[in-house]
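Based on the provided sequences and hints, a complete structural model is requested.
Number of protein chains: 4
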Amino acid sequence: MSHPKPRPFTIDQLHAYLVEIFPQVWKSGDLRIEGLAPMAATVRLVHNPRHLRYGGTVAGPAMFALCDVALYVAILGEVGRVAHAVTTSVSINFLLKPAPADLIGKARLIKLGKRLAVGEVELYSDGTSDMVAHAVGTYSIPARGDDAPS
Amino acid sequence: MSHPKPRPFTIDQLHAYLVEIFPQVWKSGDLRIEGLAPMAATVRLVHNPRHLRYGGTVAGPAMFALCDVALYVAILGEVGRVAHAVTTSVSINFLLKPAPADLIGKARLIKLGKRLAVGEVELYSDGTSDMVAHAVGTYSIPARGDDAPS
Amino acid sequence: MSHPKPRPFTIDQLHAYLVEIFPQVWKSGDLRIEGLAPMAATVRLVHNPRHLRYGGTVAGPAMFALCDVALYVAILGEVGRVAHAVTTSVSINFLLKPAPADLIGKARLIKLGKRLAVGEVELYSDGTSDMVAHAVGTYSIPARGDDAPS
Amino acid sequence: MSHPKPRPFTIDQLHAYLVEIFPQVWKSGDLRIEGLAPMAATVRLVHNPRHLRYGGTVAGPAMFALCDVALYVAILGEVGRVAHAVTTSVSINFLLKPAPADLIGKARLIKLGKRLAVGEVELYSDGTSDMVAHAVGTYSIPARGDDAPS
Chain A
-16 MSHPKPRPFT IDQLHAYLVE IFPQVWKSGD LRIEGLAPMA ATVRLVHNPR HLRYGGTVAG
44 PAMFALCDVA LYVAILGEVG RVAHAVTTSV SINFLLKPAP ADLIGKARLI KLGKRLAVGE
104 VELYSDGTSD MVAHAVGTYS IPARGDDAPS
Chain B
-16 MSHPKPRPFT IDQLHAYLVE IFPQVWKSGD LRIEGLAPMA ATVRLVHNPR HLRYGGTVAG
44 PAMFALCDVA LYVAILGEVG RVAHAVTTSV SINFLLKPAP ADLIGKARLI KLGKRLAVGE
104 VELYSDGTSD MVAHAVGTYS IPARGDDAPS
Chain C
-16 MSHPKPRPFT IDQLHAYLVE IFPQVWKSGD LRIEGLAPMA ATVRLVHNPR HLRYGGTVAG
44 PAMFALCDVA LYVAILGEVG RVAHAVTTSV SINFLLKPAP ADLIGKARLI KLGKRLAVGE
104 VELYSDGTSD MVAHAVGTYS IPARGDDAPS
Chain D
-16 MSHPKPRPFT IDQLHAYLVE IFPQVWKSGD LRIEGLAPMA ATVRLVHNPR HLRYGGTVAG
44 PAMFALCDVA LYVAILGEVG RVAHAVTTSV SINFLLKPAP ADLIGKARLI KLGKRLAVGE
104 VELYSDGTSD MVAHAVGTYS IPARGDDAPS
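Protein chains in written order, with the working numbering: chain A, -16 to 133; chain B, -16 to 133; chain C, -16 to 133; chain D, -16 to 133.
Treat the hints with caution; some may be incorrect.
If several chains are the same, the list does not tell them apart, and a pair holds so long as it fits within one copy or across any two.
[Claimed, not checked] Straight-line C-alpha distance at most 20 angstroms; calculated DMTMM-like pairs for lysine to aspartate or glutamate:
#1 K80 to E105
#2 K10 to D(-5)
#3 K89 to E105
#4 K94 to D109
#5 K94 to E105
#6 K97 to D113
#7 K94 to D113
#8 K10 to D85
By construction, these hints were calculated from the structure, which means they are not laboratory data.
Shown next, in the form of structure tokens:
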């Protein structure tokens, strides 16, 4: 896969777009795009006691949300302003109880068709090398240009 | 499956236990146990604009969280005070974009072993008969008595 | 769900169609359609030592194949001659080691759109009430009429 | 992850062990171990018309079986003679219709605990670089030494 065409977003541009279309998720600053590359993105979920569950570990839904967001960022990083891309399925395995720390989600697209994307995400606790969760998700992508907010 | 033994919780008792062990999730009143039966539970997620995503539909992570919670409630409703039960995997299919309304999660356990539970959840938008999401989850259950908060 | 329209197949007609389009799978007689109902189908995999694995239990791939086939039968039972319908994803949980006996797959469609179907399958060992496996699958359905063998 | 300890099998030794414990699967020669590395294995499914489905493409169950086998080989390559290791779940996404050719399954373990392994598999059509399927599986591993055939 060659990518001679210009990338649709820099990290800052994509972050600004996400704050615009998902203010309830991106305005708080809990999520940060740490990397954007062809077919890949890295997103950090800043630690917040609100994400914890019984036993002091990060709750499953917070980990799911980070996987979902990391794949969405990877897709937008390839395709551009497709706010309406929606998750159609996710399979997630929780591997280790993460420490109460930042989580890093590393997403990689394994298929990017015109209307469908499939990707996987590895989740790490910041500063450790053991994967805490692994997810595979599929996204439905609307026809391009359909839904760019003007 | 016969259940001659007394059920570990009434709905009110289980709700009180959940508020005690997961105050950050259950204290707000957004979640309500609507039914508890052998191997099954129904949980309502009260509509809140915070759960929406771009396009006015309920966000995937909010739907995932309800599935996860409904299975957890079904397990506790069978097994009792096992706060440390943890999700080990979830596969979720998003079927329809739900309206901005309450969501109803109907969980049913399909296997309940000593250390492992498997269940499925059907998600509905309140007042409609079309399923908006379907999930299958597995839980690891600690040895009973291990983790009841004293 | 009302079904005033005539059903596309009787069990015998659907079996004949499957032998025609998938002779390598259906001609041996190992698979039998036991029931066909709106949005549902029951398929039997006749016991064959070839399906066993180490330890005398039915191999995972044989169980997967039955889940896949049962969903396919349920879809064709609704939609008619869409031989090109293809599985796009399956999540399967293996719950118990089945005895070396016939397996019964009970498929139920939970969504049937124009181009996509989602269904679940419960697998039982013949004569027992404990589920041995549970699967959720998604299928892509070609535009109708596209692929009926003439 | 350091692996100073001797590897339990060479490729030939592992192949011989698989023929011994799963003759119905490994004796035909359709499956070949092409690579064995720490936490990883590559297995080839030799093309056979029997694996095809309507439309001339490889059937889903044949692809599932290769994913399952490749993970099993990766686990045995790490752990040794644990014939009784059993698949507990698999989520598979079918990405492209493969050509009627050999399939290559590249398995990588992402967690290897004492009793549980989790891994992913990428499936390719021989000679092409596009992934045709992607699976994530979990295995239950018996206590070591329990089940080595004497």
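Starting from the hint list further up, note which numbers the structure goes against and sort them upward.
none
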